[in-house]
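Trainee: Go ahead and model the full structure; you've got the sequences and the hints to work with.
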Amino acid sequence: MGDLRTTATPDDGPQRRDLILVERAQAGDLAAFNDLVTCYQDQLFGLVARMVPDHDQASDVVQEAFFSAYRNLDRFRGGSVKSWLCRIAINAAMDLQRARKRRPVQPYPELEDDSWQPPTGEEADPERQVVTGERVRVLTAALAAIGDDQRAAIVLYDVEGYDYTEIAQLTGVSLGTVKSRIHRGRLALRRSLEDHMELFRG
Amino acid sequence: MTMPAPAHISPDHDETLIAQLAAADLTGPVAAAARDLVAACPACAELHADLRSIMAATASLPAPRRTRDFRLTDADATRLRGRGWRRLLGGFGEPRLAFTKPLATGLLTLGIAGLVFALAPSFLATAGLSMTSATAATAAPAFAPAPGDAGAAAGSSQQGTKQDLAASPAASAVASAPGPSTAAVSIPVSAPTPQVSTVAGPAGPSGAPTALGFGRESASPSPAAAPPDNNFSAGTLGSGATAPPAGPSPMLVVSVLLLVAGVALFLLRWAARRPG
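Protein chains in written order, with this note's numbering: chain A, 1 to 202; chain B, 1 to 276.
One thing to keep in mind: the hints can contain errors.
Restraint ranges, calculated between C-beta atoms of paired labels, are given here [as the list claims (entries may be wrong)]: (1) B:G106 with A:D195: 44 to 52 Å; (2) B:P250 with A:R16: 52 to 60 Å; (3) B:A261 with A:G79: 30 to 38 Å.
In case anyone wonders, no lab produced these hints; they're calculated from the structure. Virtual Cβ for every residue (Gly too), placed ideally from N, Cα, C.
Mentor: In structure tokens form, the structure reads like this:
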């Protein structure tokens, strides 16, 4: 295998760091791989937890994604380590969603979990805090109610900040399909939130 | 999937166009038309504003808090990057190869079905042999050769009849049918399929039977073309036409291969997912 670091641009510090860690992990250094996990576990969990709103299932998905990444270290051929890990996590999340469609269970118990509240500044006034919390709750519920593909596309675009092309590569669909899923997903969100839109218009 | 428009938006107004405008995905005249629509229609303007608000709210959703540390332990590493054959097999246990389970099931099903179809004629022929043995015994008096074919009848009755009867019930039924110019013609027992079953055709000019269903090998030395004084018999025809036993049918081979592939896939998955 060639030097992975040559695939990173000189000014791309995190990418160079990631490639060095991958090389060391490929050589059998578990600590190097765990450094990668430390770098990306919050981000991957945030991504997957929005695609799979049940946090226990999301944790399982992320763990499985890191297992899969470690198992397939030898297949990494350069490029963005972050994108590689995200792709693995997205695929694992989609596998879970497909399996859940085949064996439907009580959907999204996380939505009943009041312990998940948005972080707020110390100076935030109570009324604003309540409105923000309510907005997050209804928006999360609406996101959970739309289609899996639409939710994944919206989360990747609006929350994770990927562009259309990156999302198309990550999810393995065409650019037009990505755009269509995002537009239709937002329209579906708006329908779902129709009774709560005053929370968002202020 | 087309969603119905809310009641307060005119059905003439394209919601998707507004959504594209809100996402800044439109350019040129289409974007201008969408802007005109938003400017002229209050409901479209409200939809546009709502979509922008939802986009902003979605982008500012708080990150869910992680409740677990996902770093791998030494035991995880040993299990995941095992050496030798377990590492090769590891991929079969991954979720992305979950399709191998239904694939294995499908291969097994096809293999079993193919085996049943490939072997059923043999079982039927075996069953037919026992049935037609009894039939032949009762029909023997009616099986009278044509006057000019005494030798042929004698030869065939010695060598061909039992094989004919074993070949298929249809062949045995034809062979045992009474008639002045009917003679049995031998066919290989190992080819029980209907297309090689031989029926005795109408008598030729010499009163000898014409074999139908044989290939070139049997057509050339046709009894009809034989010299009147030769001692050609259906028995010799039968022995001459008897090809060496054919190999297993392609269907049987393919079925066995599918069966083996299905079982192998199941075993691979089981070995890959076995802990330790």
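Trainee: For every hint, state whether the structure bears it out.
Mentor: Hints, verified against the model:
For G106 of chain B and D195 of chain A, the Cβ-Cβ distance of about 47 Å falls inside the hinted range of 44 to 52 Å, so the restraint holds. Hint check: P250 of chain B to R16 of chain A, Cβ distance near 58 Å, so the stated range 52 to 60 Å holds. Between A261 of chain B and G79 of chain A the beta carbon distance is about 35 Å. The supplied range of 30 to 38 Å therefore holds.
Checked against the numbered hints given earlier, the structure satisfies every one of them.
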